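FYI, in the working numbering the residues of the sequence shown are 15 to 502.
Because the hints were derived from the structure by calculation, they are not lab data.
Each hint can be trusted.
Each computed DSBU-like pair below joins lysine-lysine, with the alpha-carbon atoms no more than 35 Å apart: (1) Lys454 / Lys441; (2) Lys441 / Lys482; (3) Lys189 / Lys91.
Here the structure is a predicted model, which means the values were calculated and not measured.
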Amino acid sequence: MYATYYGGLLSQEHVDGGTSRFDKNALIYQSICAGCGGNSDLPTTTNAHSRTNNSPNCNNALIKIDLNVPDLYSEFKIPKTSCVSDTLQLSNQSTLAKSYFWDFGDGDTAQGKAQAHSYDDTGTYTVRLITFNPESCDIYDTSYRDVTIYEDVGADFSYDSLSCINSFQFNYEGKYGKSFIWKFGDAAISRKESPIHSFKDTGVHDVTLIVDSGTACVDTVVKQISINNLPRPAFSYNTDTCASNITFYNEAGFTQQVDWKFGDGTNLRTSNDTVMHQYDSSGTIQVTLITNPEKPCRDSISKMINLTTPDARFSKERLGSCQFKVRFADTSKFAQQNSWTINGVDTFQNQDSVVFNFKNPGTYNVELVVKRFNPVCFDTLIQQITLDTLPRAAFQINRQTCSPQADIKADNQGGYPLNWNVQASDKSMDSSFFKQEDFKFLIPKNRIQYDITLRSDPLSPCADTASKKVFLDSSAYARFDYEIDSCE
15 MYATYYGGLL SQEHVDGGTS RFDKNALIYQ SICAGCGGNS DLPTTTNAHS
65 RTNNSPNCNN ALIKIDLNVP DLYSEFKIPK TSCVSDTLQL SNQSTLAKSY
115 FWDFGDGDTA QGKAQAHSYD DTGTYTVRLI TFNPESCDIY DTSYRDVTIY
165 EDVGADFSYD SLSCINSFQF NYEGKYGKSF IWKFGDAAIS RKESPIHSFK
215 DTGVHDVTLI VDSGTACVDT VVKQISINNL PRPAFSYNTD TCASNITFYN
265 EAGFTQQVDW KFGDGTNLRT SNDTVMHQYD SSGTIQVTLI TNPEKPCRDS
315 ISKMINLTTP DARFSKERLG SCQFKVRFAD TSKFAQQNSW TINGVDTFQN
365 QDSVVFNFKN PGTYNVELVV KRFNPVCFDT LIQQITLDTL PRAAFQINRQ
415 TCSPQADIKA DNQGGYPLNW NVQASDKSMD SSFFKQEDFK FLIPKNRIQY
465 DITLRSDPLS PCADTASKKV FLDSSAYARF DYEIDSCE
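Construct the complete structure from the given sequences, taking the supplied hints into account.
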């Protein structure tokens, strides 16, 4: 049974002729005569169809009644676990409350909607929230939640530098840690409780420690460490002679002792920056320098060293058979520098190949000097190159006084095959023949022009040709004619 009056103070609203309905959600819809007498005093909601009576007397009004509106409700959320001294945020989700009372189970209470609380000791606590609304049906409502508080891990650490300036001992300073993650800011990670770490780079490193107690309590702490110098392994070397005596120089710095491994089975521990070692055999060996050999910052570097002495070698190639240009190529072994000397005059430094154009035929000396490590260790090779005379077509025509023949003399310095071609203007001679030595031919009685052509080494690409036009006639000689008279 529910009864109430929804009318105004002036009008006499009533339900005669009105209807009442309800739906399956228990919502009641009541139609009434409202605003009688032309009044507009019926209370309406702001979004009603009309808030004024537009009739001179009564008008129809519809009222929607919902008896299932939410009642006072107490509700909040809290983490199930936390740590001593951690601040808990309590999420109040209550409805229709006018005031709030909190009991945290440790003797502390508070009022207000939003709350945060921290516990000073471990244990399981029951948190109670009482909500109050005098206009609600129940007036009070209460909710409870449990929270378990664990001991604070207390992530903290200290560190001490070891004998290496870049190596540190890290120590966990908490009480309840069971597992640990160390991050050293250089991609390295350790899960030890108190690790040792060596930094390989200078600069500022953020060292992070994450501590887990095996409960819900995980704590993190970050500290910065500055590294100014690092012992970096480095060395150089120099050969004293070609007898494999090598001086090694420790260039690591910031080290007290080093180990040398010379690659021939000999090792040396020393604090000296310079050491000398003699090798008994040649070959390629690996030399290793180890810095701080007995310390956590131990590091090493290795180099391959070739103990073989230089071996001077070179090849030669004539560039074209009809010229005096030659390419010389350095094919030496185990050499770092070279020096060319051609015919004792022309020199070239540190060139893998040299192209030289000789001006004349002949025999020349070519010297190559190669060096390794230092000027004391070198090798020299001298080779001769002979450049023959190129074919040359040249000849002379000689005739002795009153001689009935002419001498043709060729200038054949290289002894090459010769090809002669002789043509007479009267066509009394037209011949081509090979003849290496000089030749002669009889002079005709009449004056005749001869075209003489000489080709030296005619079958080679370097053949040379010379031609001459000459006039030859016979010498004066006595002659007479006679007749015989048959009658005398």
